[in-house]
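On the provided structure of chain A, position chains L and Y as indicated by the hints.
Protein chains in written order, with UniProt numbering: chain A, 1 to 339; chain L, 1 to 99; chain Y, 1 to 235.
Don't read these hints as lab results, they were simulated from the structure.
Hints may contain errors.
[As the list claims (entries may be wrong)] Within a straight-line C-alpha distance of at most 20 Å, the following computed SDA-like cross-link-like pairs (lysine to any residue) qualify:
| # | chain 1 | residue 1 | chain 2 | residue 2 |
| --- | --- | --- | --- | --- |
| 1 | Y | K116 | L | T26 |
| 2 | Y | K116 | L | R50 |
| 3 | A | K176 | L | H27 |
| 4 | Y | K116 | L | K82 |
| 5 | A | K176 | L | K82 |
| 6 | Y | K116 | A | A86 |
| 7 | A | K176 | L | E52 |
| 8 | L | K82 | L | A66 |
| 9 | Y | K116 | Y | G210 |
| 10 | Y | K116 | L | R44 |
| 11 | Y | K119 | L | E52 |
| 12 | A | K176 | L | G19 |
| 13 | A | K176 | L | I92 |
| 14 | Y | K116 | Y | G102 |
| 15 | Y | K119 | L | R49 |
| 16 | Y | K116 | Y | E58 |
| 17 | Y | K119 | L | R50 |
Quick caveat: nothing in here was measured; it's all calculated off a predicted structure.
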Amino acid sequence: MAPTPPATAPAGPGPAAPPQDEARQALDRFDRAVAAETRIEPRDWMPDAYRATLVRQIAQHAHSEIIGMQPEANWITRAPSLRRKAILIAKVQDEAGHGLYLYSAAETLGVSREELLDRLHSGRQKYSSIFNYPTLTWADVGAIGWLVDGAAITNQVPLCRCSYGPYARAMVRICKEESFHQRQGYELLLALSRGTPAQHAMAQDAVNRWWWPSLMMFGPPDAESEHSARSMAWNIKRHSNDELRQRFVDICVPQAETLGLTLPDPELRWNEERGHWDHGPIDWEEFRAVLRGQGPCNAQRLEQRRRAHREGAWVREAAAAYAARHGAGGGTPAGPEGR
Amino acid sequence: MTDTEPGRDWPLWEVFVRGRRGLSHTHAGSLHAPDAVMALRNARDLYTRRGEGVSVWVVPAAAITASSPDERDAFFEPAADKPYRHPTFYEIPEGVRHL
Amino acid sequence: MSAVAAALPLADDALVLSHRLAEWLGHAPELEEELALANISLDLLGQARACYALLGDEDALAYRREEREFRNLQLVEQPNGDFAHTITRQLFFSVWQELLFGRVTGTGPPAAVAAKAVKETAYHRDHAEQWTLRLGDGTEESHRRTQRAVDALWRYTGELFQPLEGLDIAMEPLRRDWRARIGDILARATLTMPEGPDADAWSAGAGRQGVHTESFGRMLAEMQHLHRSHPGAVW
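Just chain A, with the same shape it has in the complex (with noise of 0.2 Å):
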């Protein structure tokens, strides 16, 4: 599962000019739809703000399912059993399908997949920074799974509920489709753990590593996300940046302990006043590193999916031909087989 991108990244276009009575009118009924908890759906008016949030919002996350393919598809030429393979197959297949879902969502705002995919690739727009760390051993699959699809987890199941309609069907299908995701990559560590020593170490290097990244995923502190409170008003984001990252942070722990590895935090403990665990500060100059560009894959990434583009742009042109002279019933009848 890629990450929801957090609440940061640079802000869509300024607030419509004064709105005239007949605006005005469109926008209250906008506003008690949302707050009525009315889905708003594709032909529906709404404010030129709204739009342009979803779209930045729904595309970062496409982007970020079709980056997230990578770190993963790494191991899949080296996945050291064939249970292992099936199962790391059909999952980097899965975020390539959960970027088509989420690319049609986006489209539904009247903005093509094609122009979408130019603005990942001309930088423009940004997928999770979390798939600019790089996986170094087996271990990482499993991590990746427990800790980073666990994270997007925690932040996507509100979404199934967002006030946009094809971005709220299109996270539900993700979230039930993405049940397995977290599980084989728990169960992978916990494999590892309970191994042998060089698996066990391997477990826990991997954990070392992944921990901290995941933690980031929830965006800045709430104090410094520019956009969370527009964006709850909407309904497209539900809970904060903060209360979301403690949700993840109680998950974990215990089950941390039953895995047998250490979360790489000495201070974790538990805050009987709150009911919550207290964990270390982040690094966020790290996390705006990454961002800016500076993480140990950005420029990796960026470019393999440059390459699949450029290098697919004759089978695509082909095939487009092949319509053109042959109609786009693709030489064959292709009717309904009846109702």
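Positioned in the frame of chain A, the structure of chains L and Y alone reads:
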């Protein structure tokens, strides 16, 4: 820099899947494909890979005519005040059966 | 000879081709095609596992045999090349596999595997056929690339018709059917059927004899290294 050449995009298709025999096709989502034959295969690969379907339709998204939200009141409100179309409108003495 | 003997070469074909197709993930020409190639890869991996299960431990068979012990066709181990190369490899193999599995009779374990696989294979053949038509009859560039792939891979097709130990299937009629189908698809795709030799002039043999091409060793090295680095480990 752009890697794309406009005008070469594959068109958008809407996908309808029959979950099992006896059910009607319902909208599952959309995808891109160069033509109908490939759209059908892409739909199978994308929307039925967990055994979600026994039959698939694909329709060019451009071929769908939809009612407009602006016409929503004119289209759909007149149906709201005709409760006599629903069986619960009618009072039947208790004990009458098979009605 | 037991029919189970055929399970090894068939499993190796499926495993190796599955592995090659999985190398595409993250590199496919369009998102929809990522899904399609992964589906075919997973089908083949499933076939391989079902066949290995007839013979012993699947991981021992996949990860702890040496290159010379693998019995897969040289065709399936060929590197992916461009998309036309991969599709042509798919076309040559899936047409053969569909014809072969359609002829496996009886009720033994290999027949059960073949009965399931023949449906998957029909879909794989259809996928390869549809793409061959579009690439062959698409643009000048796609035509050129696809004809180049057909010509380059032709030399690995003769091996498809070596008899398979344990399967009582006459290979000459199968070869005729295969050539007829491939000829028809290539013609519809405006491509030319090669006339050159379809096998190496080297008596050491080919994949079925455990003689492979150079890139296969590197593929296996990558596939097996982690498993072999941790003897006895459970994953």
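Consistency of the hints with the structure:
no. : hint            : in the structure
1   : K116/Y x T26/L  : 29 Å, violated
2   : K116/Y x R50/L  : 17 Å, holds
3   : K176/A x H27/L  : 17 Å, holds
4   : K116/Y x K82/L  : 55 Å, violated
5   : K176/A x K82/L  : 39 Å, violated
6   : K116/Y x A86/A  : 18 Å, holds
7   : K176/A x E52/L  : 12 Å, holds
8   : K82/L x A66/L   : 24 Å, violated
9   : K116/Y x G210/Y : 27 Å, violated
10  : K116/Y x R44/L  : 18 Å, holds
11  : K119/Y x E52/L  : 18 Å, holds
12  : K176/A x G19/L  : 16 Å, holds
13  : K176/A x I92/L  : 45 Å, violated
14  : K116/Y x G102/Y : 10 Å, holds
15  : K119/Y x R49/L  : 15 Å, holds
16  : K116/Y x E58/Y  : 19 Å, holds
17  : K119/Y x R50/L  : 17 Å, holds
When the structure is compared with the earlier hints, violations turn up for hints 1, 4, 5, 8, 9, 13 and for no others.
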